[in-house]
Amino acid sequence: MELTKLTIAETSKKLKNKDISVIELVKSYMQKIEKLNETINAYITICNEGIEEHSKALQKKLDSGDDLPVLFGIPMALNDNIITRNILTTCASKMLRNFIPPYDSAVNEKLRDEGAILLGKLNMDEFAIGNSNENSYFGLVKNPQNFERVPGGSSGGAASAVASGMARFALGSDTGGGIRQPASFCGVVGLKPTYGLVSRYGLVASASSMDQIGPITRNVEDCATVLNAITGYDPKDSTSANIKYPDYTSFLIDDIKGMKIGIHRDYIEKDTNSQVKQKILDACSILESLGAEIVEVSLPTTEYAIAAHYIISSAETSSNLARYDGIRYGYRAENYEDLESLYSKTRGQGFGTEAKRRILLGTYVLSSGHYDEYYKKALKARQLIINDYKKAFEYVDVIVSPTTPETAFKIGEKQDGLHNLYSSNAYTVSASLAGLCAMSIPIGKDSEGLPIGMQLIGKHYGEGTLIKVANKFEEYMQF
Amino acid sequence: MKVNEDDIRQVAQVSKLALTEDEVKYMMEDLQASFQYVADKLSALDTEHVCDMDQVTTNKNVFRDDVCKDSLEREEILRNASEKENGYFKVPKVMEGN
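Sequences listed follow chains A and B, in order.
Residue numbering for the first sequence follows my numbering, beginning at 192 and increasing consecutively.
Residue numbering for the second sequence follows my numbering, beginning at 82 and increasing consecutively.
Hints are computed from structural coordinates only; laboratory data are not their basis.
There could be a bad hint or two in this list.
[What the hints assert, rightly or not] When the alpha-carbon atoms are kept at most 20 angstroms apart in a straight line, the in silico PhoX-like pairs for lysine-lysine are as follows:
#1 122(B) - 83(B)
#2 122(B) - 461(A)
#3 536(A) - 106(B)
#4 174(B) - 536(A)
#5 427(A) - 174(B)
#6 536(A) - 171(B)
#7 650(A) - 582(A)
#8 536(A) - 97(B)
#9 582(A) - 605(A)
#10 97(B) - 285(A)
#11 205(A) - 252(A)
#12 435(A) - 141(B)
#13 451(A) - 650(A)
#14 252(A) - 209(A)
#15 427(A) - 141(B)
#16 251(A) - 207(A)
#17 204(A) - 247(A)
It should be emphasised that the depicted structure is a prediction, and the values quoted were computed from it without experimental measurement.
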């Protein structure tokens with residue numbers, strides 16, 4: 192029996208029935224990491240130290256027969272922009288290559304309280320800027336489905352670790368597709384929750400008005416289980432939602448009869464590769480056969496989403512990255528003459544190319560002569576996109592589209608900024624701008640064996656509905 | 082709208098980012114292309130009667146009581162500083178004179 196292939200619920204059951212021990216379980220994941228990480232490079236830090244004692248302590252608790260949470264003893268990993276107390280947190284940047292945080296993120300605290308075991312910290316695009324995981328100070332990550340392909344990004348390490356069995360689940364971050372696009376490229380489930388659903392306390396900020404932490408898992412049930420553990424109101428994050436949080440696993444048993452599912456023609460017809468398009472149309476027929484009604488929706492301003500997102504996210508990123516000055520933490524340049532040159536040399540040497548590009552663009556659009564023309568204009572476009580979705584959700588429960596217009600591209604294929612701009616986030620950025628929840632689920636493979644993902648977009652706090660549809664679809668595919 | 086090398090240098094200076102001459106050139110070409118696309122795209126959108134978007138949540142005026150709480154230990158904070166002295170961060174001299 193390969194332990195790394197068991198779902199969270201199956202693993203938890205085996206642990207509680209004493210069929211397996213926490214020590215055995217952790218060992219099997221660690222062996223997987225030992226075997227695969229050298230090639231895939233999904234982990235920046237592997238938490239070997241003390242993990243055996245920690246596993247033994249958890250096993251002892253299990254042996255005492257207490258009623259323990261479902262994530263108790265489950266091995267997982269976190270994106271390296273999620274702060275972990277006393278554990279290196281680099282954001283895949285030279286700037287933070289030695290940064291040992293003195294505090295913990297809200298999500299890590301929650302997962303530790305549940306008894307989940309942190310295996311390590313995952314590779315990503317530097318400061319979550321990028322969509323191929325090629326912008327990492329710690330080297331690129333390979334797609335476990337095909338080593339010549341990128342895993343997507345920014346949470347490329349998270350998606351590839353989960354897809355290859357190097358962690359049962361992972362938390363990534365999504366600002367414009369950072370969870371959904373790599374999940375699609377690697378053939379796993381990725382959820383970007385509604386803005387405010389998961390506390391951002393201890394998530395190193397990229398573009399604060401869109402950043403969200405979310406789960407990357409092997410199936411929909413695991414996704415619901417992890418979501419239960421990481422959601423909740425947090426006074427330490429002023430954008431945290433003070434709502435009644437449902438049990439997301441309760442949506443795993445519902446059916447989708449009579450549900451209205453919207454499709455946006457532009458997202459299927461325009462730039463989508465023919466194999467991806469076919470699979471999406473097939474998936475819509477399947478949803479229809481399961482009792483859902485497919486309805487066309489109109490989202491005319493979403494074609495401006497890439498442009499608006501590029502401006503808004505660069506503006507916010509440039510402002511967030513201003514804190515890295517070489518004084519209180521992080522890299523400091525070795526030779527400098529005065530304070531001014533300390534700052535500029537530190538930042539010139541500490542940031543990678545993509546981060547610099549965003550700092551320059553962001554500073555430019557926020558500067559006095561250009562603010563109205565670009566930044567303000569982008570905010571207005573964002574409002575129009577929000578309005579479009581509001582209107583559409585008066586008629587439908589969920590909107591589906593391909594997650595990406597194409598499957599995983601080759602390493603080195605899209606290096607320049609222009610390519611990044613046009614390519615694989617075309618369908619994911621609008622949900623980020625509107626703060627909506629959105630999920631990517633695997634729906635098949637292309638002729639080269641590369642995974643294809645379907646994106647489900649839901650209303651604010653509509654995660655339950657997404658899980659319901661995704662679960663039904665997944666059940667159907669398994670028959 | 083055309084970004085030139087001086088624009089890049091000026092923006093790099095206010096962002097406190099030391100760039101090499103090669104980087105200035107590269108960034109200029111790169112931003113010219115991507116920025117052109119973005120600017121053209123957005124200028125075609127009619128936004129005359131649209132309000133600026135402020136935030137996506139329905140949260141309003143999130144306040145907390147102004148009470149003292151334990152903070153992190155000084156040593157823990159200083160642990161990540163590249164230079165420190167006598168419990169302080171160390172920076173190059175900022176003020177002129179003695």
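Against the structure, the hints:
Taking the CA atoms of residue 122(B) and residue 83(B), the gap is about 15 angstroms. The hint holds against a cut of 20 angstroms. Restraint check for residue 122(B) and residue 461(A): satisfied, since their Cα atoms lie roughly 17 angstroms apart, inside the 20 angstroms limit. Using a Cα cut-off of 20 angstroms, the hinted pair residue 536(A) and residue 106(B) holds, with the two alpha carbons roughly 18 angstroms apart. This hinted pair checks out: residue 174(B) and residue 536(A) have alpha carbons roughly 17 angstroms apart, not beyond 20 angstroms.
For the hint pairing residue 427(A) with residue 174(B), the CA-to-CA distance comes to about 36 angstroms; that exceeds 20 angstroms, so the pair is violated. A hinted pair counts as satisfied when its Cα atoms are at most 20 angstroms apart, and residue 536(A) with residue 171(B) qualifies at roughly 17 angstroms. Distance check on the hinted pair: residue 650(A) and residue 582(A) sit about 11 angstroms apart at the alpha-carbon level, within 20 angstroms; holds. Using a Cα cut-off of 20 angstroms, the hinted pair residue 536(A) and residue 97(B) holds, with the two alpha carbons roughly 8 angstroms apart.
Using a Cα cut-off of 20 angstroms, the hinted pair residue 582(A) and residue 605(A) is violated, with the two alpha carbons roughly 35 angstroms apart. A distance of roughly 17 angstroms separates the Cα atoms of residue 97(B) and residue 285(A); the hinted pair therefore holds under the 20 angstroms criterion. Between residue 205(A) and residue 252(A) the CA atoms are separated by roughly 15 angstroms; this keeps the pair inside 20 angstroms, and the hint holds. Distance hint between residue 435(A) and residue 141(B) is fulfilled; the C-alpha atoms sit about 17 angstroms from each other, no more than 20 angstroms.
With a C-alpha separation of about 13 angstroms, the suggested pairing of residue 451(A) with residue 650(A) holds against the 20 angstroms cut-off. Restraint check for residue 252(A) and residue 209(A): satisfied, since their Cα atoms lie roughly 12 angstroms apart, inside the 20 angstroms limit. For the given pair, residue 427(A) sits about 15 angstroms from residue 141(B) by alpha-carbon distance, which is consistent with the 20 angstroms threshold. Annotation: proposed proximity of residue 251(A) to residue 207(A) holds, straight-line Cα distance about 12 angstroms (limit 20 angstroms).
Taken as a hint, the residue 204(A) and residue 247(A) pair is honoured in the structure, with Cα atoms around 18 angstroms apart against an allowance of 20 angstroms.
Violation of the numbered hints given earlier is confined to hints 5 and 9; the remaining hints are satisfied by the structure.
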